[in-house]
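Chains A and B supply the protein sequences, listed in that same order.
All residue numbers for the first sequence refer to our numbering, where the first residue is 1 and numbers rise by one.
All residue numbers for the second sequence refer to our numbering, where the first residue is 1001 and numbers rise by one.
Since the hints were made in silico from the structure, they are not lab data.
Since the structure is predicted, the reported quantities are computational estimates derived from the model, not experimental observations.
Hints are not guaranteed to be accurate.
What the hints assert, rightly or not - Chain B regions said to be covered by chain A (calculated; three or more residues, Cβ under 8 Å):
1. 1044 to 1051
2. 1174 to 1182
3. 1314 to 1324
Unchecked claim - Quick list of in silico lysine to any residue cross-link-like pairs, SDA-like style, CA-CA up to 25 Å:
4. B/Lys-1148 with A/Val-300
5. A/Lys-120 with A/Met-61
6. B/Lys-1166 with A/Lys-120
7. A/Lys-44 with A/Met-61
8. B/Lys-1182 with A/Lys-44
Said to hold, decoys possible - Per the computed footprint, the stretches of chain B lying under chain A, defined by three or more beta-carbons under 8 Å from a beta-carbon of chain A, are:
9. 1014 to 1020
10. 1033 to 1040
11. 1064 to 1073
12. 1160 to 1170
13. 1235 to 1248
14. 1329 to 1341
The C-beta atom is built at its ideal place from N, Cα and C for all residues, glycine as well.
2 protein chains.
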Amino acid sequence: MMSNTEILKKEIIETFGTPCPVIDLDIVEKNIARSQSLCEREGKANRPHIKTHKSPRLAKMQMMAGAIGVTCQKLGEAEVMFEAGIKDILIATNILGAAKSGRLAALQKKVALKVSADNKVSLESYAYAANYAGRAIDVLIECDTGQKRSGVETVEEAIELAKVIKDEPMLNFTGLLFYPTKRSWADTQSFCSSLIPALKEIELTPQIISTGGTPNLANIGKLRESTEHRAGTCIFNDRMMIDDGFASLEDCALKIYSSVVSRAGINRGILDAGSKTLTSDTGNLVGFGLIMEHPDAEIVKLAEEHGFLNLESCQKKPDVGTVVRVIPNHACVCVNMMNEIVAVRDHKIVEVIKVEARGLLV
Amino acid sequence: MMSNTEILKKEIIETFGTPCPVIDLDIVEKNIARSQSLCEREGKANRPHIKTHKSPRLAKMQMMAGAIGVTCQKLGEAEVMFEAGIKDILIATNILGAAKSGRLAALQKKVALKVSADNKVSLESYAYAANYAGRAIDVLIECDTGQKRSGVETVEEAIELAKVIKDEPMLNFTGLLFYPTKRSWADTQSFCSSLIPALKEIELTPQIISTGGTPNLANIGKLRESTEHRAGTCIFNDRMMIDDGFASLEDCALKIYSSVVSRAGINRGILDAGSKTLTSDTGNLVGFGLIMEHPDAEIVKLAEEHGFLNLESCQKKPDVGTVVRVIPNHACVCVNMMNEIVAVRDHKIVEVIKVEARGLLV
């Protein structure tokens, strides 16, 4: 007799073929509830980052579970979320290039956005867009405390930007945006402890202090003044989150169903999931995904539609035609590869979910 | 006065925003003509691989220039090409997982496809699809001569598969599929020199002997019996092709227009093109792309929507707001990230081209 897992595999391959991204909605719901409660436990609001799923359907599940709004990384994502009826949207990057296209103004006209900036040029373009939209725009100042990505590095620079915002009638000073590294929460606290009084001196008070990252859900209590958190990956989890200790195998909602399509050598094989499915993003792990049925098989290399398997340490090597479930290293970039993902519940296909906000130019 | 390049940048950013993939149609046409003539010079037919552009619009330009048909890597790509009116389609992978979904049969019913296989399970599924379609399917046997990807490694294995094809009325033995490495053309020749007489003994003659790869356009004369070549990247070229010596900067048709959106440190900056634009595929090069305006700036790391710039060796460091053109390491995976690419000619935007065959499940 076939197991439920084998029956589902057969259904997936006969309905869609492989490679096929599949999410388990029961796990998704559990994951959503968990991140919501991790935020609530510390008295912080939850503003999930939708860059992981890019799907209004899943964003709405997060809102229903108690999220106050969503975080987007691109203007196109914000447009899709607004069209789907979500009104409280934070864009957590300098969207300078997209802002210049006039699309920021067009969206700001329809809904009061929250944007972020770490420099004056971004502020200028936000003011321009707000003017054009006829509605002042809410701005968070992005501060860096260790990522060395974007974000001002000093309190002085933050104050300088805050003054520009204060002096520009079409910009509302709204708050601060942080993305602490695991080790920089103390630095983030001291940054805040210096910045908040300095802001007070120029009569500004942050209404929002935002932190980010799924692994950081364990740390959000460490910044006293923070008001909300933006985490993305936790809705699906992935091999990086297992490696981090945030998630277990059972918490991984996303699996890439893939077929072994070649076994040309005794110790090697080919999956039909390559870099256009799993992506070349290793997330600093060894190999490009975890094969649930063969954890001792290694995905050592990717071509565009080929996943190269090293089966040397593999006790029972999979035959050609075998369907396996791969937990990707990084769920967010993986979901971004497909127009649709298949949703299952209790080993049955229940839905096809559109990844609507993917593939957009800006 | 602004240069034509600067005027185009302004137009791109004001019309679309950044990041924005842009192709120059004049260069595309020159590249198409070049690959066509490289094939013709050696008396081989040209069957371009459309995985690079995934666009019927561009495939038709290749057909108009003399291509005999197209190569696809996925069933979904073949479906899109057929719908666009292209009839001579080779799928150059074991499409086992996709075949099981019934979609291979549905397409084979509409058009006589050429498929490839390196194992009996694939052959079974092709025969099943052909039966269902009511039309025998043309099969090429994939042979490996050094890639260690898919493809049988020995003449004996090839003959074994050929016999299966011969005995199955719904499979037509059509030919051989090779993807020689740069160093394995002599091996490929000797493989062919042994295999062809062995096939003759069982009364089979390959009508098609196919080789692949853009850098290999320089080598196609080295396999006497080959009849056609499948190259993808050469339509756009990229940093890998420059590194290989196949292309120069002037041959690169695809540029990712991107804005410097942050300069939070003296020697670092952030582009708005990250792993969801440039992809994490380095193509074994250092850095994630070549910035035309700042070749001494290095894209050292990617987050999903952030490209991390190391500007240490950069003489004139770009300010926030600067728009740059990035030549990606690997064009094929990069184009695959976007629903559309912008086409220009003589520094003017002329068209938006849909990347129709991307993001499909199988």
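Quick rundown of the hints versus the structure:
no. : hint                      : in the structure
1   : 1044 to 1051              : violated (count 1)
2   : 1174 to 1182              : violated (count 0)
3   : 1314 to 1324              : holds (count 4)
4   : B/Lys-1148 with A/Val-300 : holds (12 Å)
5   : A/Lys-120 with A/Met-61   : violated (36 Å)
6   : B/Lys-1166 with A/Lys-120 : violated (71 Å)
7   : A/Lys-44 with A/Met-61    : holds (19 Å)
8   : B/Lys-1182 with A/Lys-44  : violated (58 Å)
9   : 1014 to 1020              : holds (count 7)
10  : 1033 to 1040              : violated (count 0)
11  : 1064 to 1073              : violated (count 1)
12  : 1160 to 1170              : violated (count 0)
13  : 1235 to 1248              : violated (count 0)
14  : 1329 to 1341              : holds (count 7)
Checked against the numbered hints given earlier, this structure breaks hints 1, 2, 5, 6, 8, 10, 11, 12, 13; the rest are met.
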